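**Student:** Could you put the whole structure together from the sequences, leaning on the hints where they help?
If you want the building blocks of each chain, they are given just below.
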Amino acid sequence: MTLLEKTPGAVRSKTGFWPNNRSTIIGVAILAVIVIIVPFTATSSMMNIAVFSMIFALPAIGLSLLMGLAGQVSLGQAAFFAIGAYTHAILLQKFEVPGILAAVCGVLAAMLAALLVGLPMLRLRGHYLALATLGLGFIVMIAVREWEFTGRTTGIYGFGRPEVFGIPIDNNGLFFWFVAPFVIVGLVLALNLTRSRAGRALSAVNDSELAAESLGVNTYALRVKVFTLSAGFAGLGGVFYAYQVQIVSPQVAEFHVSVELLLMVVIGGLGSVWGAIAGAFIVELLSEGLRDLIPAIIPGATGEVQLIGYGIVLILVILLLPGGLYQAVRTVWAAIRRRSASRRVAAAAKVPDGTADAGTGDAPTRAFGGVPGEPAGPPAVADDEPIPSVPAISTPLAAGETILEVRGLTKRYGGVVAVDDVSFTVPAGRIMGLIGPNGAGKTTCFNMITGAIPPTSGTVSFLGEEVQGRKPHVGAVRGLTRTFQNLQVFTSTDVVGNVYMGRYRKGRAGIIRGMLGLQGREQYRNEEIAHDILDAMRLGDVAGLAAGDLPFGRQRMMEVCRALASEPALLLLDEPMAGLSGRERDMLANLLRALRDAGLTIVLVEHDVAQVLSLADSVAVLDDGVLIAHGDPESVRNDPAVIVAYLGTDAEEAKHELEELEEHA
Amino acid sequence: MTDFLQLTAAGLSQGSVYALLAVGLIATYTVRHVVNIAQGDYAMLAGLGSISLVSAGVPLPVAILIALVTVTLASVLIERLVIARVKDLTTLVSIILTLGVSTLLQAIMLLVWGAEARRLPAFPGEDLLIGGVSIRSQELWMLGTLVVVGGGILLFYEKTRWGKALRASAEQPVAARIVGISPAAASVIAFAIAGFAGAAAGVVSSPIYLSIWSGGLLLGLKGFVAAVLGGLVSFRAAIVGALLLGMLESYVAGYVASGWKDAVAFFILIIVLIIRPAGLVLRPNAVRV
Numbered sequence: 001m002t003l004l005e006k007t008p009g010a011v012r013s014k015t016g017f018w019p020n021n022r023s024t025i026i027g028v029a030i031l032a033v034i035v036i037i038v039p040f041t042a043t044s045s046m047m048n049i050a051v052f053s054m055i056f057a058l059p060a061i062g063l064s065l066l067m068g069l070a071g072q073v074s075l076g077q078a079a080f081f082a083i084g085a086y087t088h089a090i091l092l093q094k095f096e097v098p099g100i101l102a103a104v105c106g107v108l109a110a111m112l113a114a115l116l117v118g119l120p121m122l123r124l125r126g127h128y129l130a131l132a133t134l135g136l137g138f139i140v141m142i143a144v145r146e147w148e149f150t151g152r153t154t155g156i157y158g159f160g161r162p163e164v165f166g167i168p169i170d171n172n173g174l175f176f177w178f179v180a181p182f183v184i185v186g187l188v189l190a191l192n193l194t195r196s197r198a199g200r201a202l203s204a205v206n207d208s209e210l211a212a213e214s215l216g217v218n219t220y221a222l223r224v225k226v227f228t229l230s231a232g233f234a235g236l237g238g239v240f241y242a243y244q245v246q247i248v249s250p251q252v253a254e255f256h257v258s259v260e261l262l263l264m265v266v267i268g269g270l271g272s273v274w275g276a277i278a279g280a281f282i283v284e285l286l287s288e289g290l291r292d293l294i295p296a297i298i299p300g301a302t303g304e305v306q307l308i309g310y311g312i313v314l315i316l317v318i319l320l321l322p323g324g325l326y327q328a329v330r331t332v333w334a335a336i337r338r339r340s341a342s343r344r345v346a347a348a349a350k351v352p353d354g355t356a357d358a359g360t361g362d363a364p365t366r367a368f369g370g371v372p373g374e375p376a377g378p379p380a381v382a383d384d385e386p387i388p389s390v391p392a393i394s395t396p397l398a399a400g401e402t403i404l405e406v407r408g409l410t411k412r413y414g415g416v417v418a419v420d421d422v423s424f425t426v427p428a429g430r431i432m433g434l435i436g437p438n439g440a441g442k443t444t445c446f447n448m449i450t451g452a453i454p455p456t457s458g459t460v461s462f463l464g465e466e467v468q469g470r471k472p473h474v475g476a477v478r479g480l481t482r483t484f485q486n487l488q489v490f491t492s493t494d495v496v497g498n499v500y501m502g503r504y505r506k507g508r509a510g511i512i513r514g515m516l517g518l519q520g521r522e523q524y525r526n527e528e529i530a531h532d533i534l535d536a537m538r539l540g541d542v543a544g545l546a547a548g549d550l551p552f553g554r555q556r557m558m559e560v561c562r563a564l565a566s567e568p569a570l571l572l573l574d575e576p577m578a579g580l581s582g583r584e585r586d587m588l589a590n591l592l593r594a595l596r597d598a599g600l601t602i603v604l605v606e607h608d609v610a611q612v613l614s615l616a617d618s619v620a621v622l623d624d625g626v627l628i629a630h631g632d633p634e635s636v637r638n639d640p641a642v643i644v645a646y647l648g649t650d651a652e653e654a655k656h657e658l659e660e661l662e663e664h665a
Numbered sequence: 666m667t668d669f670l671q672l673t674a675a676g677l678s679q680g681s682v683y684a685l686l687a688v689g690l691i692a693t694y695t696v697r698h699v700v701n702i703a704q705g706d707y708a709m710l711a712g713l714g715s716i717s718l719v720s721a722g723v724p725l726p727v728a729i730l731i732a733l734v735t736v737t738l739a740s741v742l743i744e745r746l747v748i749a750r751v752k753d754l755t756t757l758v759s760i761i762l763t764l765g766v767s768t769l770l771q772a773i774m775l776l777v778w779g780a781e782a783r784r785l786p787a788f789p790g791e792d793l794l795i796g797g798v799s800i801r802s803q804e805l806w807m808l809g810t811l812v813v814v815g816g817g818i819l820l821f822y823e824k825t826r827w828g829k830a831l832r833a834s835a836e837q838p839v840a841a842r843i844v845g846i847s848p849a850a851a852s853v854i855a856f857a858i859a860g861f862a863g864a865a866a867g868v869v870s871s872p873i874y875l876s877i878w879s880g881g882l883l884l885g886l887k888g889f890v891a892a893v894l895g896g897l898v899s900f901r902a903a904i905v906g907a908l909l910l911g912m913l914e915s916y917v918a919g920y921v922a923s924g925w926k927d928a929v930a931f932f933i934l935i936i937v938l939i940i941r942p943a944g945l946v947l948r949p950n951a952v953r954v
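So the sequence lines, in the order shown, correspond to chains A and B. Reading the first sequence from the start, the letters are residues 1 to 665 in this note's numbering. Reading the second sequence from the start, the letters are residues 666 to 954 in this note's numbering.
In short, the hints are calculated from the structure, not lab data. Since the structure is predicted, the reported quantities are computational estimates derived from the model, not experimental observations. Ideal Cβ positions, reconstructed from N, Cα and C, are used throughout, including at glycine. The reader is advised that the hints may include incorrect statements.
[Stated by the list, open to error] Computed, partial: chain A to chain B, Cβ under 10 Å:
no., residue
1, G71
2, P120
3, L124
4, I139
5, I298
6, G311
**Tutor:** What follows is the structure, encoded as structure tokens:
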């Protein structure tokens, strides 16, 4: 078998339930203690603030997920809150439905509304979801105000208080205990989600949508799900609001409620779930304080005077502390750790340090399907033995069968024809080189094959299925993946996190499993595999570094690792040699040969013609968007059309240059 | 029929207000890719400001002039103090920031002018009666303001060298710099134009549609809906869209129920974004992912 030993010094993330969940468990335990104590100690006005911050924490958590994961903002979170509250109140008051059922309906109604808005809006980038949700907020407010059924301006009132085991929840203390468990459960679910397969995929999307989709992430579907989920949290908040306030009127849908919720998330830190809860408490406190303070300063001030504070705080936080409380806490915490760590190092200076990264001691998974007969030494020796081990790949077809067929592929930009009627087939288990001068349309071809751009006409069949004009994830889930000429690195995570994203296609866990935390095993296994691939490719020593900090050549290798992690059947490499050192190029060339021998199909766009001619089984030549030659390297090398078009106008001189090139290689 | 024409006239005048706001929104969007949520608040600020000046004895034209200049400067100040401070102005951040500005402006108006809606005296002029349809002179002022201010901004962007450079600066900051316009200057000019257009809409509509601290958001959103009809880039399509929106609202208010009038814009927004997200004039798919 091939390399399975860990490279010495490789930093592995700790796996297992306790190390991964320690901070959550400690945090939740502290929160639970606070929740138990508060009703015994707080004053009545403080208790009121505490109850409302718990109620509003729910929509704030939802909004935080939407902003952090989907990178979108809802300015109508109050609308979903109101839909939950109204549905709950109407079912209780008019239909005398049991409380639990009414609550479930309230949450579902909010989610349904979000689904209806999200399905069209999340297809669009930019400001549209924000402004459409703002519009929804107005529509909901107008609807409940104008509709007899919702009680017009007076609203819905006269429904009972909740009872738990026969105890009526009729004071703030009891209500606080009633709502807090839901907030804690919601918090844990949301935290799980941010660390789940889906959550990590969405953070990757925020770094590079194209790269994430090329690894099989269906951005649109995930965003719709997160948006719907976020509305569910808002709906649940609305249910509790109805119970607590005992009247639901159009005020609950007012815009300043949405601003309040947004402010909670911004103060807490965009995308930070804990921050949303802290933000909820701070904003409730701020609101209460300002309502007392402003009329004292400016006599006669009435109405929503707290808005002045909201506006100022929103602007100041974004300008001065864009990461909110979460960022502040992290900065302070990192400083404390650095200080204590340096103290510890000073104290332990004389003690030999051998157990720094003992890891968890569990055996590494056998992620690599080794190639029989593939020589592979232990990593320490392998430094001057540049054939790395080969990660697993999927081989859906026998070698030689057609895996990719391109027919009449054409791309026009106005009057410019970038790619003109290009047709070729790629047999499985072969390396095909795609060469041509600058601007010949190579990358455009790649982009059409992988779905990054739709072709003007023509078809692309991958494994017998037409994928042209579909989004990149369609081909990617079937085993078609790529690297990029201009690197598309997920900068918000580390090197191993990037390669882990390559495993997305091989994972199964969806949003619900992710929220319930039931995907640990799958995730640990995929992280192990990512580490194994990095070790094999001599990147094990930088696995824990931020991906953006790597030198250019190693980022490129990391992208290759990321693509390989998805166990592709067809790998498209866009100028993989660019920016690599001579040694790295040789290593990559050897790797590609080994991968080909293991059954992987590779299509390669490359400027290094000599490298391509020596590596590829067949070569296609593009010139000015037209395929001028396609055949084995020998015939392409001697094709007069290629020599003239690609290397110069004078065939004799071109041939001479070609020979020189070869000598260099 | 008279009813219909009456409603059409009212809709057109209301639509001209939306059109001015849409022009302001597009001005900043084309240069900074910021949808300024505070756009409608400029209108309310100018309206309330001129009302105070008039009640303090300042002649109406002077009061209006002061309000226009002040709000234009306020918009520039907002650009310098808030928008320009952010290095990486993502969509998310720009929405939150301009929402913060909008909230702050609203709160200031609430504290200064109180919660009551106020009215500027009507501009001078005779009401018209054409074939049973009465058109108030103020409505003609509103349409006239659109023609002068909206048309002027449109000509500036499309015909003058500066205007073209301004548009280019969004796409090609380097090229714009070569022409002699820095991105910072372009941004300031765009916000000044947005402030002026918003203020003009606010003063001219105040005698009929009143000015109130909280009115800007809804007004700005309707401007946004009109701007979306123009794909957020075309002034002409946005102006046409705004007039259509005003008419449609007027019909709903007249034939259905006045309470539902404000919901029209958002149904249009959602329908347009589903069917033609690139707006009325551009080829579709331009903004698809």
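**Student:** All the hints need checking, so say for each whether the structure fits it.
**Tutor:** Consistency of the hints with the structure:
no., hint, verdict
1, G71, "6 Å, holds"
2, P120, "4 Å, holds"
3, L124, "5 Å, holds"
4, I139, "5 Å, holds"
5, I298, "6 Å, holds"
6, G311, "3 Å, holds"
In summary, the structure agrees with every hint in the numbered list given earlier.
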